[in-house]
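In case it helps, mature numbering (1 follows the signal peptide of the UniProt record, and there is no 0) puts the sequence shown at residues -19 to -1, 1 to 253.
By construction, these hints were calculated from the structure, which means they are not laboratory data. It should be emphasised that the depicted structure is a prediction, and the values quoted were computed from it without experimental measurement. Careful: at least some of the hints might be erroneous.
To be verified - Just the calculated beta-carbon pair ranges, DEER-fashion:
#, residue 1, residue 2, range
1, I155, A20, 33 to 41 Å
2, L75, M124, 14 to 22 Å
3, I155, F214, 43 to 51 Å
4, N179, K150, 53 to 61 Å
5, K181, H31, 41 to 49 Å
6, I204, F133, 16 to 24 Å
7, I199, P41, 28 to 36 Å
8, N215, A126, 25 to 33 Å
9, F214, P156, 42 to 50 Å
10, P41, I204, 28 to 36 Å
11, R35, N215, 27 to 35 Å
What the hints assert, rightly or not - Here are the simulated DSBU-like cross-link-like pairs (lysine-lysine), alpha carbons at most 35 Å apart as the crow flies:
#, residue 1, residue 2
12, K176, K89
13, K89, K253
14, K49, K181
15, K200, K67
16, K67, K237
17, K237, K150
18, K176, K16
19, K21, K132
Heads up, the beta-carbon is just placed ideally off N, CA and C, and yes, glycines get one too.
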Amino acid sequence: MLRFLIVSALLLIFSMANGQELYIFSNPASNIPAKTIVAKAGMKTMRSYHNNEREYRFMPELQLGLTKNWMLTGGVSFSNMFFQSKQQFESARLYTKYRFYSNDDVHKHFRAAVYASGAWSNNPLVYQELNLEGDNSGAQLGMVATQLVNKFAASAGVAYVRQLEKADKLDLGIPFSNQALQYNLSMGYLLFPRKYENYKQTNLNLYCEFLAQQSTDIKAGFIDIAPAVQLIFNSSTRFNVGARYQLTGDAHRMAKRSVFISLEHYFLNALK
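Given only the sequences and the hints, what does the whole structure look like? Please build it.
Dropping the structure here:
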């Protein structure tokens, strides 16, 4: 039992010491620790472009650390978006990531990973923005690289996404996008603590992410900026608050501004 507690504490410190790469709106090349389960509850809210009403999406998910290099995520979403009058079940999503390269050193590392995701959504195709976290049925394949140096981390990623809805389309007189390239540049900085003493210290991380999409079959795209704040408690619980603002773009979207809040907890050695 003592050995189990020591190993668990070390895993907690190791997994959260690099908290500045636990981005809010994108994923780094690093994975959650092996044999770990992460339970996450997220909420996204925005004012709809069409009716200016406040809309909400709730997104519970589970993350599984199958090995140190391979993780799996499954989630669903509920929302009152897409002209719905009340909250209802909306979508299901599966995501997997494999870290194929690691170059680790003291207080720094470089890692690279590939990932894929698939989603089913009961929403019609309405907007030119492609989003597999509730909006669209589709598939995605991408690659991400992360560099950590001391208290600063940066990630860059690119992904190809394709929507798979063929029949249920709401014609608003604009061309639909079926496929797009998505890009991200994400940066994080560990503000507190200034010095690690034990795993119970609260971490405060600041983030700034740039998120972009460019359709490959029509002329439609955008670039967003997404600042965020993250608190990590006891090296096992994360509370995230962030917002997205469109900097530029000509894509027809549900909204150009949104807020995201999430809470997640790590259960180490939960998988045998």
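Right, here's what the structure says about each hint:
Between I155 and A20, the C-beta spacing of about 39 Å keeps the proposed range 33 to 41 Å intact. A hinted range of 14 to 22 Å for the beta carbons of L75 and M124 is consistent with their spacing of about 18 Å. Between I155 and F214, the C-beta spacing of about 45 Å keeps the proposed range 43 to 51 Å intact. A beta carbon spacing of about 55 Å between N179 and K150 agrees with the range 53 to 61 Å that was offered as a hint.
Checked against the hint of 41 to 49 Å, the C-beta distance between K181 and H31 comes to roughly 47 Å, which is consistent with it. Checking the proposed 16 to 24 Å range against I204 and F133 shows it holds: the Cβ atoms sit about 22 Å from each other. For I199 and P41, the Cβ-Cβ distance of about 33 Å falls inside the hinted range of 28 to 36 Å, so the restraint holds. N215 and A126 have their C-beta atoms about 30 Å apart, which keeps the hinted 25 to 33 Å range intact.
Taking 42 to 50 Å as the suggested C-beta distance range, the pair F214 and P156 conforms, at roughly 47 Å. Roughly 29 Å separates the CB atoms of P41 and I204, a value that falls within the hinted 28 to 36 Å. Between R35 and N215 the CB atoms are about 33 Å apart, so this pair conforms to the stated range of 27 to 35 Å. Restraint check: the Cα-Cα separation between K176 and K89 comes to about 16 Å, which is no more than 35 Å; the hinted pair holds.
A C-alpha spacing of about 30 Å is found between K89 and K253, which places the hinted pair at or below 35 Å, so the restraint holds. For the suggested pair K49 and K181, the alpha carbons sit about 23 Å apart, so the restraint of at most 35 Å is met. Distance hint between K200 and K67 is fulfilled; the C-alpha atoms sit about 33 Å from each other, no more than 35 Å. With a CA separation close to 22 Å, the supplied pair K67 and K237 stays within the 35 Å bound.
Pair hint K237 plus K150 holds up; C-alpha atoms about 21 Å apart against a cutoff of 35 Å. Among the hinted pairs, K176 with K16 is consistent with the structure: their alpha-carbon atoms are about 28 Å apart, no more than 35 Å. Note on K21 and K132: the hinted pairing holds, with a Cα-Cα distance of about 25 Å set against a maximum of 35 Å.
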